[in-house]
Amino acid sequence: MASINPLNQVLGQRFSKHLLRRASFRFSKQDIDNFTVLSVDAAVEQLFLSVADPVPEPQDPQDAVPFWINNIPLVNINSDGRKKSYVKGAWMYNAMSSATIKHKLILFLFNQFTVSTGTGKSTEFFDYLQLLDFYSFGSMKDLALKVTYNSLMLKYLDNNTNSDNNPNENYAREFLELFTIGKGPQVAPGNYTNYTEEDIVEAAKVLTGIRNDSSRSVFDPLTGLPQGYINFNKHDIYDKTFSAAFQNTTITGATTIQDVEQEIIDFIAMIFDQTATATYICRKLYHFFVGDTISTEVENDIIAPLSATLIQYNYNLVPCVKQLLKSEHFYDMDDSDSTDEIIGGMIKSPLQLLTELTTLFEVPVPDPVTDAYNFYHLYSHNFLMAKYFPGAGMPLFEPNSVAGYPAYYQDPYYSKYWFDSSTIISRYKLLSSFIIGRNQLGGFTSLIGLTFDVVDCVQTNSLFTDPENPSALVSDMITYMLPEGVDSDRFSYFYDDIFLDGMMPYNWTVAWNDFLTTQDDTVVRPRLEQIFTFLVNSPEFQTY
Amino acid sequence: MKRRDFIKMSSLASLSSVFLPNRMSAAFSPLMLQSCAGINERVLVLVRLIGGNDGLNTIVPLDQYSTYANFRPTVRIPDTGSDAYINLDPSLPIQDQVGLHPVLGPFKDLYDSGEMTVIQGVMYDYQDRSHFKSTDLWMMGGDGTGLNNNPGSGWLARYLENSFPGVAGNPNLFSSPLALQLAEKKPALLFQGEHSHGISTNLSGQDVSGYYSVVSGIGGAPVDNVPSSEHGDLLDYIMEVEKNANVYSQAVSNAFNSGSNALTYPAFDLADQLKTVARLVNGGIQTKVFLVSLGGFDTHGDQIDPTMGVSVGRHAELLDELAQSMKAFMNDIKALGIEDKFLTATFSEFGRKVKENGNYGTDHGGAAPMFIMGSCINGGVLGTNVDLSEATDNNNYQIETKQYDYRNIYATILQDWLGADTSIVDLSLTDNNNPAASYTTAKLDTLISSGCKVDPNCYIINFNVNVNEIEEGSDIVFYPVPARNFVNISFGKPFTGKVSMTNTSGQLIVQKVITHSNTAYLNFGKLAAGTYFVMIEDSGNKIYTKEISVF
Numbered sequence: 001m002a003s004i005n006p007l008n009q010v011l012g013q014r015f016s017k018h019l020l021r022r023a024s025f026r027f028s029k030q031d032i033d034n035f036t037v038l039s040v041d042a043a044v045e046q047l048f049l050s051v052a053d054p055v056p057e058p059q060d061p062q063d064a065v066p067f068w069i070n071n072i073p074l075v076n077i078n079s080d081g082r083k084k085s086y087v088k089g090a091w092m093y094n095a096m097s098s099a100t101i102k103h104k105l106i107l108f109l110f111n112q113f114t115v116s117t118g119t120g121k122s123t124e125f126f127d128y129l130q131l132l133d134f135y136s137f138g139s140m141k142d143l144a145l146k147v148t149y150n151s152l153m154l155k156y157l158d159n160n161t162n163s164d165n166n167p168n169e170n171y172a173r174e175f176l177e178l179f180t181i182g183k184g185p186q187v188a189p190g191n192y193t194n195y196t197e198e199d200i201v202e203a204a205k206v207l208t209g210i211r212n213d214s215s216r217s218v219f220d221p222l223t224g225l226p227q228g229y230i231n232f233n234k235h236d237i238y239d240k241t242f243s244a245a246f247q248n249t250t251i252t253g254a255t256t257i258q259d260v261e262q263e264i265i266d267f268i269a270m271i272f273d274q275t276a277t278a279t280y281i282c283r284k285l286y287h288f289f290v291g292d293t294i295s296t297e298v299e300n301d302i303i304a305p306l307s308a309t310l311i312q313y314n315y316n317l318v319p320c321v322k323q324l325l326k327s328e329h330f331y332d333m334d335d336s337d338s339t340d341e342i343i344g345g346m347i348k349s350p351l352q353l354l355t356e357l358t359t360l361f362e363v364p365v366p367d368p369v370t371d372a373y374n375f376y377h378l379y380s381h382n383f384l385m386a387k388y389f390p391g392a393g394m395p396l397f398e399p400n401s402v403a404g405y406p407a408y409y410q411d412p413y414y415s416k417y418w419f420d421s422s423t424i425i426s427r428y429k430l431l432s433s434f435i436i437g438r439n440q441l442g443g444f445t446s447l448i449g450l451t452f453d454v455v456d457c458v459q460t461n462s463l464f465t466d467p468e469n470p471s472a473l474v475s476d477m478i479t480y481m482l483p484e485g486v487d488s489d490r491f492s493y494f495y496d497d498i499f500l501d502g503m504m505p506y507n508w509t510v511a512w513n514d515f516l517t518t519q520d521d522t523v524v525r526p527r528l529e530q531i532f533t534f535l536v537n538s539p540e541f542q543t544y
Numbered sequence: 001m002k003r004r005d006f007i008k009m010s011s012l013a014s015l016s017s018v019f020l021p022n023r024m025s026a027a028f029s030p031l032m033l034q035s036c037a038g039i040n041e042r043v044l045v046l047v048r049l050i051g052g053n054d055g056l057n058t059i060v061p062l063d064q065y066s067t068y069a070n071f072r073p074t075v076r077i078p079d080t081g082s083d084a085y086i087n088l089d090p091s092l093p094i095q096d097q098v099g100l101h102p103v104l105g106p107f108k109d110l111y112d113s114g115e116m117t118v119i120q121g122v123m124y125d126y127q128d129r130s131h132f133k134s135t136d137l138w139m140m141g142g143d144g145t146g147l148n149n150n151p152g153s154g155w156l157a158r159y160l161e162n163s164f165p166g167v168a169g170n171p172n173l174f175s176s177p178l179a180l181q182l183a184e185k186k187p188a189l190l191f192q193g194e195h196s197h198g199i200s201t202n203l204s205g206q207d208v209s210g211y212y213s214v215v216s217g218i219g220g221a222p223v224d225n226v227p228s229s230e231h232g233d234l235l236d237y238i239m240e241v242e243k244n245a246n247v248y249s250q251a252v253s254n255a256f257n258s259g260s261n262a263l264t265y266p267a268f269d270l271a272d273q274l275k276t277v278a279r280l281v282n283g284g285i286q287t288k289v290f291l292v293s294l295g296g297f298d299t300h301g302d303q304i305d306p307t308m309g310v311s312v313g314r315h316a317e318l319l320d321e322l323a324q325s326m327k328a329f330m331n332d333i334k335a336l337g338i339e340d341k342f343l344t345a346t347f348s349e350f351g352r353k354v355k356e357n358g359n360y361g362t363d364h365g366g367a368a369p370m371f372i373m374g375s376c377i378n379g380g381v382l383g384t385n386v387d388l389s390e391a392t393d394n395n396n397y398q399i400e401t402k403q404y405d406y407r408n409i410y411a412t413i414l415q416d417w418l419g420a421d422t423s424i425v426d427l428s429l430t431d432n433n434n435p436a437a438s439y440t441t442a443k444l445d446t447l448i449s450s451g452c453k454v455d456p457n458c459y460i461i462n463f464n465v466n467v468n469e470i471e472e473g474s475d476i477v478f479y480p481v482p483a484r485n486f487v488n489i490s491f492g493k494p495f496t497g498k499v500s501m502t503n504t505s506g507q508l509i510v511q512k513v514i515t516h517s518n519t520a521y522l523n524f525g526k527l528a529a530g531t532y533f534v535m536i537e538d539s540g541n542k543i544y545t546k547e548i549s550v551f
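Which chain is which? The protein sequence lines are A and B, in order. Following this note's numbering, the numbering of the first sequence begins with 1 at its first residue and continues without gaps. Following this note's numbering, the numbering of the second sequence begins with 1 at its first residue and continues without gaps.
By construction, these hints were calculated from the structure, which means they are not laboratory data. Even for Gly, the Cβ is constructed at its ideal location relative to N, Cα and C. Among the clues, some could well be false.
[Said to hold, decoys possible] The calculated lysine-lysine pairs, modelled on DSS-like cross-linking and capped at a C-alpha distance of 25 Å, are:
no., chain 1, residue 1, chain 2, residue 2
1, B, Lys453, A, Lys284
2, B, Lys341, A, Lys284
3, B, Lys186, A, Lys183
4, B, Lys341, A, Lys183
5, B, Lys133, B, Lys341
6, A, Lys155, B, Lys133
7, B, Lys453, B, Lys341
[What the hints assert, rightly or not] Calculated from the model, a selection of chain A residues having no Cβ within reach of chain B, i.e. all distances over 12 Å:
no., residue
8, Thr36
9, Ser79
10, Asn162
11, Phe232
12, Thr249
13, Ile257
14, Gln258
15, Asp411
16, Ser471
17, Pro483
18, Asp489
19, Thr518
20, Asp520
21, Ser538
22, Phe541
Please model the complete structure; the sequences and the hints are all you need to start from.
Structure (structure tokens):
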């Protein structure tokens, strides 16, 4: 029996790694050690503390106007494609800067209310991320309303062309099918259990007349962010009647703009009043944070109580996600075998792989303020957004469908989708790109704005407790990198076969000390690069 | 002599590959062999149109033009002027006449040369209008009714698994991946097997030529003691993907580098994918199914450019890319002389609503046409124009009538083109609500041309890849060798199965059924001196081969 009951114990190192990986984008030795001594409760609470982003607003170092994002209209934006990469780069930098769950939740919300940066301007994308940020510790129901007025979303799913005399069903359909209540089994033609084709037609009518605002001059008073507006003349003013799935609810046709707003509020309330909506969202949360398989047991023991919490708190994510992350189930502590499920049971997304690698080894990411060109242009734009993320199957904030990334929704493989014959090269050549300082993922071997020096890492990173001791060196890496311990055969493979490669252990000690004396790294560097590469590209490190 | 050499020497096409059809009575009759020749070299290319192609603006029902035009005041294809539709075939009865989108000139050329068939009104029961669910259903062989709502694995995966048992992920048996996906990072559900991973290799975004050199040796030694846990299952999965990428990459890169294209292609992404397919097959890859794709068909808006006409805009661009790419592919494989190996078929998750949405776009619909291209089809239009009077406010302006179930089309392709036995088709495409039914009972009999349609005597239960050459020191001993008039075979243990002897042309000399005997006596009489082959097939369909000299 799976248990949502809270796990009352000190986290310890194994669970500390698990929690940080699943619930934040920071995975440094310091954070792991800090969390190790906390109770489960305290550690989870800490993830939800409010932290300021070090880079609240991205910049374009190649543009004369240094800060170009805030509130400028959508005209005359130079090199907008580049700027989109810069917005993403700044977001990633913030995500890696502290052990908070905020950016994980933003990604979750993005994957729930998916837009594609292929649509709209960089400024609109920035506004959208700001909106998700605002609601990351807030209510999904409130967010569903704001998203409906968001200019980027209005464009992405064509709702800005949805009019009384020419309804466009695109947004209405995805709003029901993907964003909120989800699709049940088709039980009769056009009847998907949770809603019907007729409901989509009616929903599209409710959603007629909302228009995007290119001047970025209409602001939502609550969030302070730009939004679209209602064109009453384009709104369908007749009553809208829904199916039995929504208790045959009728939404009264509007006679004023305020009425239109109320129609949309009523429509969203009608959807969020259905238990199916909470269940659908909780399943998505489960796949995002916990695991690929939802058994009947998990459905009954985890999803059901979680849905109740979500409803109880009016779709505020915080109590619900806290409950999940504090639960015995999340740590596989709800049955007699605490090593057979959950931990190491998902494949890392390309973003997870990158952020773990970067934060654990303290890869010297260029500073976005003092080294802006290297950070924004070479590292973020040219390398990560143009090469790594698409190559690894996760074009960042640009999934190729409105359903988001398949790894978060597609039965039966879920996270396995991240790893296949077409993504393997980008995953396994990431570290060598860092080490060489140039793109190794195919195409031009351009500079990537940083070089990762493994010798320097072993010397300065507190992960390495005793670099002259070869066994400790390999053991430290395995302990922090891999989700589970390894048996002696596997340790011997990394230690004897890969690292020592025929040397005696003391040979390493001598070599390391020689290096410290002479600064000649010709002996130690290739051996360190070897062990780093083999561990980073081990099957174990692909999982978390 | 190695197995590969044996196979190369055998000149008959049905034996010229590394696999042998498991229909031994057919395979060993010279007459049958002739008519079955080449079947196992045939491939299927599926062109996926992602997003729901607007069938009504792809082929306009000319008998109902004014109704069509009324439903679509802004996005309609005009009947006059420079943007006017192209009448595909004025010789057809009026109720079957269709007008092609004006950018589809290349389709008209293919149709006129008998190399394209248009199938009207293709859909399934309870058409689902979600992109995702409908795509899943289409790839799994399902529909929206009862037990067919989630078949769980891909229909092509089931075909490949059952036709090539034990082959997926086992390049020692068969060096090429059974299926190749050329675009989309997300591995298609089509190729997700019931039993196995590794049915397809995904080449999306890869430099095919250099794939092997990059992938080979990637990853380290496998984990020996994989824990019994979810974590352990993933380690197994990752290691299997690594292994497959590693081993199949060589066949893929080798075929690409030894193959070539004869003609140039237009600068489209889809053209690039098809170009790679032609080159790989020309270079000797033995992959059975290729999946290429073109995205962007979800034309809720900007389907046409209101100021420039229907020849401009998203749908025109997409159809132009589709038609030019397919035509270039056809021209190329003809120039390469390998056109008889290919059948190419388009599919999309659904068509679009009859009534436009007023934003220069159309919303999700149901029935849509399918296009089949190849030198081995009869061409023409199958089915008749959709009935636009079915589209009313009450049904949200949808076409109701299913003229062809997509599974009957695929059953036709599996059987009449790829030669799958009915038992295999039934395993691949199953009506779970009525498991005794077979989609082969409603095949499209005129789809494949008579010269290419697989004879029922040649239907293949499985491509038996369990061919093993008998090495020195084997338990199976031949004497005397060289032989004259006869040869004795000692199996070393009681054997049940079949022993046959062929010449280097694959002609059957003698065949004998053996039941529980330690030895066989094969009397072939007087033969020209030279090299002959003996094949031993055991009761488990495992095949052993031996080259012997006759003097």
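The hints, checked one at a time:
1. B:Lys453 / A:Lys284: With Cα atoms ~48 Å apart, lysine 453 of chain B and lysine 284 of chain A exceed 25 Å; violated.
2. B:Lys341 / A:Lys284: Measuring from Cα to Cα gives roughly 45 Å; hence the hint is violated.
3. B:Lys186 / A:Lys183: OK: lysine 186 of chain B and lysine 183 of chain A at ~21 Å, within 25 Å.
4. B:Lys341 / A:Lys183: 41 Å, violated
5. B:Lys133 / B:Lys341: The given pair, whose Cα atoms are some 32 Å apart, is violated under the 25 Å limit.
6. A:Lys155 / B:Lys133: It holds: about 24 Å lies between the C-alpha atoms, which stays within 25 Å.
7. B:Lys453 / B:Lys341: 13 Å, holds
8. Thr36: Non-interface label on threonine 36 of chain A holds, nearest chain B Cβ at 20 Å vs cutoff 12 Å.
9. Ser79: Consistent with the label, serine 79 of chain A stays out of reach of chain B, its closest Cβ about 24 Å off (over 12 Å).
10. Asn162: 8 Å, violated
11. Phe232: 18 Å, holds
12. Thr249: Non-interface label on threonine 249 of chain A holds, nearest chain B Cβ at 19 Å vs cutoff 12 Å.
13. Ile257: 22 Å, holds
14. Gln258: With a cut-off of 12 Å, glutamine 258 of chain A remains clear of chain B, as the shortest Cβ separation is near 26 Å.
15. Asp411: Check fails; 8 Å does not lie beyond 12 Å.
16. Ser471: 19 Å, holds
17. Pro483: 7 Å, violated
18. Asp489: The assertion about aspartate 489 of chain A is violated, with a minimum of 5 Å to chain B.
19. Thr518: Check passes; 31 Å lies beyond 12 Å.
20. Asp520: About 28 Å separates aspartate 520 of chain A from the closest Cβ of chain B, which puts it past 12 Å; holds.
21. Ser538: Serine 538 of chain A is in fact no farther than 12 Å from some Cβ atom of chain B, at 6 Å.
22. Phe541: 10 Å, violated
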